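A.B. asks: Keeping their order, the protein sequence lines are chains W and Y. Here our numbering is used: position 131 in the first sequence is 131, and no number is missing along the way. Take any residue in the second sequence, count from 1 to its spot, add 303: that is its number in our numbering.
Worth flagging that the hints you see were computed from the coordinates, not collected in a lab. All of these numbers come straight from a predicted model, not from anything done at the bench. Be a bit skeptical, because a hint or two may be false.
[Stated by the list, open to error] Some chain Y residues close to chain W (C-beta under 7 Å, calculated; not the full set):
(1) Ala-375
(2) Leu-385
(3) Arg-391
(4) Phe-393
(5) Arg-395
(6) Leu-404
(7) Gly-405
(8) Trp-407
Where is the CB? At the ideal position from N, CA and C, for every residue including glycine.
Residues per chain are reported as follows:
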Amino acid sequence: MVLGVSFVDQLSTALVIGVITGGVYALVALGLVLVYKASGVFNFAQAEFGTVAVYAAYAALEFAGLPYGIALLVGVSAGVAMGLATERLIIRPLFDAPRVTLLVATAGVALLVIGVQFWRANDPALRVLAPISNELERVRVFGISVSDQRIVILLVLAATAAGLALFFRSPGGLAVLAASQEPTAAELVGVSVRRVSSLTWGVAALLGSLAGLLSAPISNFSPGFLTAGASGALIPGFTGAVIGGMTSMPGAVVGGLLVGIVESLGGLNALEGIPGARSLLVFASLLVVLLVRPQGLLGRAAA
Amino acid sequence: MALLEVRDLVVGYGPHPVLHGVSLDIEAGETCVLFGLNGAGKTTTVSAIAGLLAPSSGTITFDGQPIAGRPAAALVASGISLSPEGRRVFARLTVEQNLQLGGWVRRKDAAVARTQRQLVFDYFPRLAERGDQVAGTLSGGEQQMLAIGRALMSQPRLLLVDEASLGLSPTVARTVFEVMDRINDDGTTVLIVEQNAGVLPYADRVLIMEKGTLVFTGVGDEIRDADLRSTYLGA
Chain W
1 MVLGVSFVDQ
11 LSTALVIGVI
21 TGGVYALVAL
31 GLVLVYKASG
41 VFNFAQAEFG
51 TVAVYAAYAA
61 LEFAGLPYGI
71 ALLVGVSAGV
81 AMGLATERLI
91 IRPLFDAPRV
101 TLLVATAGVA
111 LLVIGVQFWR
121 ANDPALRVLA
131 PISNELERVR
141 VFGISVSDQR
151 IVILLVLAAT
161 AAGLALFFRS
171 PGGLAVLAAS
181 QEPTAAELVG
191 VSVRRVSSLT
201 WGVAALLGSL
211 AGLLSAPISN
221 FSPGFLTAGA
231 SGALIPGFTG
241 AVIGGMTSMP
251 GAVVGGLLVG
261 IVESLGGLNA
271 LEGIPGARSL
281 LVFASLLVVL
291 LVRPQGLLGR
301 AAA
Chain Y
304 MALLEVRDLV
314 VGYGPHPVLH
324 GVSLDIEAGE
334 TCVLFGLNGA
344 GKTTTVSAIA
354 GLLAPSSGTI
364 TFDGQPIAGR
374 PAAALVASGI
384 SLSPEGRRVF
394 ARLTVEQNLQ
404 LGGWVRRKDA
414 AVARTQRQLV
424 FDYFPRLAER
434 GDQVAGTLSG
444 GEQQMLAIGR
454 ALMSQPRLLL
464 VDEASLGLSP
474 TVARTVFEVM
484 DRINDDGTTV
494 LIVEQNAGVL
504 PYADRVLIME
514 KGTLVFTGVG
524 DEIRDADLRS
534 TYLGA
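Let the sequences and hints guide you as you build the complete structure.
C.D. replies: Laid out in structure tokens, this is it:
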């Protein structure tokens, strides 16, 4: 009996931790889906918007001595500036190039930025960004304390997801869809495809920045931390976005949270003997979803 | 002064010009037909007028204002609207959403949107029945109607329609021409790019292009008298 109870305990712990980790994945997934919906590009630089934001905020906080709120703003501004610059310097000149070229180009942007971080900021390699609040035990779910920082992540996720869903129901959202489906016709009705492109990359970079700034304080950060490594959210974010259907905002949230949960189930004691159980479970569930519902959980079948 | 005046227009893709100095006038209130075979430069001409292509030289004047080189998104607000070659409807959006986007530059004026939408449904009752249908699932004729309807939503003074009848059955093509005629009667100046001689009875002015230059311009009886088909269209 004791074993059984502890298994339930483990499950509920895994669920809570999974939702929390998944929250960051979902934020990254939302940014990926936004850019994909608007320009058909798989953006491998999405998580780097977040890392850059974190380094900028850290510098503002530690070196310039700015207040925490201002430092976060500096971080967001740096992330968004990187998004806009990526759009202007890389995406727009390659507007008519095959999408796979753009995919490689965004991967190049990510590698370049990570390279610069290793070059300029690798000593010390591990840094710590202060959390928004140090309170760790205010909220308890299934007997597990959830820190304020993690609560903030989930609240920000809910707010941004709702905001994006509303936006895509508004005339502005319609214009974004129009620009992605038929750029020439969009220009002809008066929608500036360039402005739409800047807007979507700017908002995607904002989402990436939030993912970075909110998740960095949970452990420490290092060059490229949000793209790869133990706290990497890019590949889980992609997985979540694909599971959710790649074009659906609610799908990105559900997919991101699912990946977080499945991944943390891989940490159950019962799976202790299997090395890499976490990744194994995540990719197995991705395969299952794609086999059963190729368009993703909330995606629409290709028209 | 004509509503649209094009002078010595040279347009090319890359270094090679497709149009070699085209000059034409379109008077307010008329239906003008731009004829020619594939590759004659018709689409290039209307694309330059609508702002999709920047001319390398020459002038385009609309209602007294020079507009050459201004982007399409700006020109639609000044009253030039193009229903493009290949229709280019927003395939994954509904008919209603396509029309809503057509009125993008007038979106702050709900009354205009309502009036134009009613007008479009009046011209093309079929679109009213298909309001919630995704545009990509419409028939070719319906997509053409939607493309023209979308172009009308901005309440243009000059409506350009590129390849109005391409790929349509003769019956549907005639319906489209008849509606274009009504649109013109209701006060909109119309330029139709065509290869289908069935449009001729509706034309006030006919322009014929060959290899990037205008080889014939005629109004009224000149259109009826000239043997356009055998001389220029190889038919």
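A.B. asks: Compare the structure with each hint and give your call.
C.D. replies: Do the hints match the structure? See the list:
1. Ala-375: Holds - the Cβ of Ala-375 (chain Y) comes within 7 Å of chain W, reaching about 4 Å at its closest.
2. Leu-385: 5 Å, holds
3. Arg-391: Since the shortest Cβ distance to chain W is 4 Å, the answer is holds.
4. Phe-393: At 5 Å from the nearest chain W Cβ, Phe-393 (chain Y) passes the 7 Å test, so the hint holds.
5. Arg-395: For Arg-395 (chain Y), the interface hint holds, since the closest Cβ of chain W sits about 6 Å away, which is under 7 Å.
6. Leu-404: With Cβ-Cβ at 5 Å, under 7 Å, it holds.
7. Gly-405: 5 Å, holds
8. Trp-407: 4 Å, holds
Going down the numbered hints, you'll see the structure goes against none, and every one checks out.
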